[in-house]
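**Q** Could you put the whole structure together from the sequences, leaning on the hints where they help?
Sequence order for the protein chains is A and B. In terms of the UniProt record's numbering, the first sequence has 428 at position 428, counting the first letter as 1, and numbering is strictly consecutive. In terms of the UniProt record's numbering, the second sequence has 169 at position 169, counting the first letter as 1, and numbering is strictly consecutive.
Mixed in with the good hints, there may be bad ones.
Copies of the same chain look alike in the list, so a pair counts if it works inside one copy or between any two.
Said to hold, decoys possible - Taking lysine-lysine and the DSS-like style, the derived pairs with C-alpha atoms no more than 30 angstroms apart in a straight line are:
hint, residue 1, residue 2
1, LYS356, LYS32
2, LYS513, LYS404
3, LYS213, LYS241
4, LYS356, LYS263
5, LYS238, LYS213
6, LYS455, LYS62
7, LYS52, LYS150
8, LYS210, LYS241
9, LYS534, LYS356
None of these hints come from the bench; they were simulated from the model.
Number of protein chains: 2
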Amino acid sequence: MDIAALQTRNSAHWKKATAIRALTLDAVAAAKSGHSGMPMGMADVATVLFEKHLKFDASTPKWPDRDRFILSAGHGSMLIYSLLHLLGDAQVTLDEIRNFRQLGAKTAGHPENFLLDAVETTTGPLGQGISNAVGFAMAEEIQRAHYGRKVVDHHTYVIAGDGCLMEGISQEAIGLAGRHQLGKLIAFWDNNNITIDGEVGLSDRTDQVKRFKASGWHVQEIDGHDPDAIDAAINAAKKSKKPSMIACKTHIALGHAAQDTAKGHGALTDMDQLAAAKKAYGWPHGPFEIPADIKAEWEEIGRKGAAQRQAWQARFDTLSAQRQAQFNRAYACEVPKKLASVVRALKRQVSESKPKIATRKSSEMTLEVINPIMPETVGGSADLTGSNNTLTGDMGVFDVDNRKGRYIYWGIREHGMAAAMNGMGLHGGIRPYGGTFMCFTDYARPAMRLAALSKVPTVFVMTHDSIGLGEDGPTHQPVEHLAISRATPNTLVFRPADTVETAESWEIALNQKATPSVLSLTRQSLPTVRVEHKMKNLTAQGAYVLAEAEGKRQAILIATGSEVSVAMAARDMLQAEGIGTRVVSMPCMELFAQQEEGYRRRILPAGPVRVGVEAGVQMGWDRWLLGERGREAKAGFIGMNSFGASAPAEALFEHFGITADAVVAKVNDLL
Amino acid sequence: MDIAALQTRNSAHWKKATAIRALTLDAVAAAKSGHSGMPMGMADVATVLFEKHLKFDASTPKWPDRDRFILSAGHGSMLIYSLLHLLGDAQVTLDEIRNFRQLGAKTAGHPENFLLDAVETTTGPLGQGISNAVGFAMAEEIQRAHYGRKVVDHHTYVIAGDGCLMEGISQEAIGLAGRHQLGKLIAFWDNNNITIDGEVGLSDRTDQVKRFKASGWHVQEIDGHDPDAIDAAINAAKKSKKPSMIACKTHIALGHAAQDTAKGHGALTDMDQLAAAKKAYGWPHGPFEIPADIKAEWEEIGRKGAAQRQAWQARFDTLSAQRQAQFNRAYACEVPKKLASVVRALKRQVSESKPKIATRKSSEMTLEVINPIMPETVGGSADLTGSNNTLTGDMGVFDVDNRKGRYIYWGIREHGMAAAMNGMGLHGGIRPYGGTFMCFTDYARPAMRLAALSKVPTVFVMTHDSIGLGEDGPTHQPVEHLAISRATPNTLVFRPADTVETAESWEIALNQKATPSVLSLTRQSLPTVRVEHKMKNLTAQGAYVLAEAEGKRQAILIATGSEVSVAMAARDMLQAEGIGTRVVSMPCMELFAQQEEGYRRRILPAGPVRVGVEAGVQMGWDRWLLGERGREAKAGFIGMNSFGASAPAEALFEHFGITADAVVAKVNDLL
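**A** Rendered as structure tokens:
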């Protein structure tokens, strides 16, 4: 690489880009950890993008109509931190740069949206950012259709590396973007030919240009160090009606001794080599030192969007008060006041009509009353619409010629769906939910974790939540998946017993601003157990007494979802034997754990034997059975301790011993 | 579709294919559940494949040199059951066909390798089969290189649907197969343009032909109902040195009223429509009735490989006794006798030298003694070779020009790696292991579950297993992943404390024939805690007393992995305070749970306070703390209850309170 030529050919550009490279080298060296090569390789692309194209105002990083910039190759976090510092972002001070990757710093190892306002999404696990970006771009299309171009009109830019493109999820994202002609999505591929293990060719020889074209993308190939070529490519990409991929041939760790090597991918901490690289750059400044003129130029770039933002504000102010309020409410992730009343009305109705239906159908009934009053919901399913019951009458289908459609046919892409939903939620203004079979939590899992970590209130509608799925067999029957989601921090897992609890669960899920929810719903029909209408959302306490013991309280049955009615049947039999039995419905363990001890003690007092009933593994139950005043000698569990089997549901519940008879026998054993 | 023309043009073929369609219609109708359309659409392809190409002997489904046939579109399970019944497979009787999807039947909803010998792999979760197939094909290449073409020379055929190709994992598989020029892998794409939600175009418009070509595949497009075209395409595919994809344009539910519709994808149970379809086929026979002549023709196909198998056996018998024994041992998944002695020697050496190293390095040391004596091991990493420490000196790298290489650079493809490893294990003769960061259990998760369900002893080498990962931050720090793997049935999760336990864990993992193992290994260095050499594999009991209390036993500290040395340090402090403290190392909860109660009671007696220490979530620990004679008032846990953070490891352990001081404080609180 002829660094000298780069320096002289576009010296103003070079200096700005070099500021990114120098800060990256210094921060990684100080931290003795991090990834130097990627920011050094992509500094030119980022500089041109931010200087000439990206619509943003560094003073107001959350301006709703900003262009979104997503660093899918999140390990190159110093790229974004350098940019934000140079641009004058108030949160990214020089001290933050110096503290890169240290405890308490906002400049974490990978970019985290909950630490920095200007970071759109938490990246690092590869392929997530580019898939989030699909959701960002869809959210923009939907909102633009709804509010008009004068209020919503921005691009989504994403930088992806070879790792992002090798992860399977990228294919799901590429396919979705191509199918929906997301023309305002522009992806830069950092084509540096290097991964951690060596040259890309060690593990992949895919022609990425052909691959993207096969899915309907506009593709360009450029020298990623040529600012004019970068600028021209972005201009061409903006003009295309297809999503654009710009393959940027770059040199990882440009100008460093480790350039173009796997070593260059990691932390470059050799101080002599660092000095040599800076010398090659023509950068005589000390560590963390940015000359005032270069900083000023960057800060000017950081300010250039202020006028656009003010003009946007003026346009926004012309919207009707109602539309402004709706826009602002959705961006604030607040529910409409009417939500509580429509949920209450539904609860009252079903407490009276007592339908015997599957909770996936209960969920649909709930959505039928929610979707009309929350225009910000966007639903979908990973090719199981009829099974997940996620489509309601009023939504319309999102498509190239119907951007107002609020339902998305995600295809057989649970992972891409989950990541794109996270992107929609992070974009703002949209409340995404999407369905699949609960067993395929496995496929969506990396994005479900990121929803929790990055504090997006995505709702995962997981139907067919046990062996009750029946004949499809063990590949499709979740047994460990409730435990998996419950083990995940900042995740609410709801397993409602009937339509009332399902409606309550939806109400809570939509009231979350920073926590995803998992709804665990049945395939099979369940009786209504909440036959007495209560205004109060009982699910909000996580667990409550559904049926009190008659006579002396000798047993407490704790159950969730489809097993609540099993517990109720067992209670009838136990009461008939003269054994006073309380049934506790526990639709959300996380919310119950948050209640104060007095409440928990009232629900789960010491003394009676306890039996937990759930068609899943025991993991996660011991706290409620052995702890919380429980005792090993007086506690039992009726559930699964193996994978399921293929048979009609009733036969399976019998076969695996999840029946009222088994509960009664367990109680009698323990008494 | 002109069914009449199909009937007359190739009537002998048509009758055989129609037998598949008729059995499918009858079995699904009897079960009132299942997927009729796929077998009906792909019956012609399957008939030509089995009649003219597939090398197999229905009497001996486990013949090692058979061609492998994988139904990636596993919902079409009646295709494989029909074929096996028609061919005369002894396990698939007509009663089994009649019992499709019923409790106890071998004809489960989706094909399960543990129920039927002729089913190569359990499919249903889409995209897994085609990714398993990559592993099957790699295993064949490696073994062919090792034993020669006269003993190993077979193809891997796979049928994939639109769902398989939309799942991201398929891109990982396609990329791997193309990169490694797996010329003996031949995939049929059931190009029927239908998914559950409707036409494929609802969610995808990818040009699959271009997509496969972009990754270096040989691609053909044919009419999937034309037997001559099918035959010619398979012949051409066999000649290509590239992996082959044959795009078969088919009609889902061919000949039925639901042909070419989403309804046709599911269970076709309308008896009038069923009768009409059979009439259109020219199939006047009753339910489950196969005319003797057609059955005889199919059985002849089932027998045609017998001579090939006998010839193969004769060639195999010419191998040296040693090579025969090695071949048979590896296929039986048995370890060499020397394994125990090399592990013991390593244990003795490290008990004496007491290295302070990361357990990922301990794992490498163990592999350095195992790989030379187990030529059937095949290692790899998802682009983290230097971090996972999975490559040992003697392995060689698998490549187009080095098929003997036993190390695979999987690229950034955790999911594809895991599924391909399962495929290798299922192929037989190979013991696969592969590494990634433990946090990326999430990406590999669907295939890890299938390893457990389908009883493949794959070894997942999961390094950087806690906040000890340090600066990369919470996106890369597992906190719930031990719980996730422990919640999964038929999975052994090992979290060794030092090199001795790591070696013991590997020994146990390799002795499994039907259970996958997860090795949870540290990034950071740990002291040797097993400083007294024991011949016995103590890890095999799951937990054991590492250090006994001196004086009156007041506390038991239970710890795993990197926290065992924390517990040991806490014990020193507690003993100094006069508090007799036992330390129990618990490297494998599943194995401890399998011990008889007497042993468990000796390790965890009633009485002392108990504190669990593990840098993960508490889920899964309550059994050992509150149960097994424990009591809530006397039990505590030191671990994580949130996501981690970005900082050096030492700072994080301090920040999250996972320290000897915290353990001591907890014990004092409880006493």
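**Q** Of the numbered hints stated earlier in the document, which are not met by this structure?
**A** none
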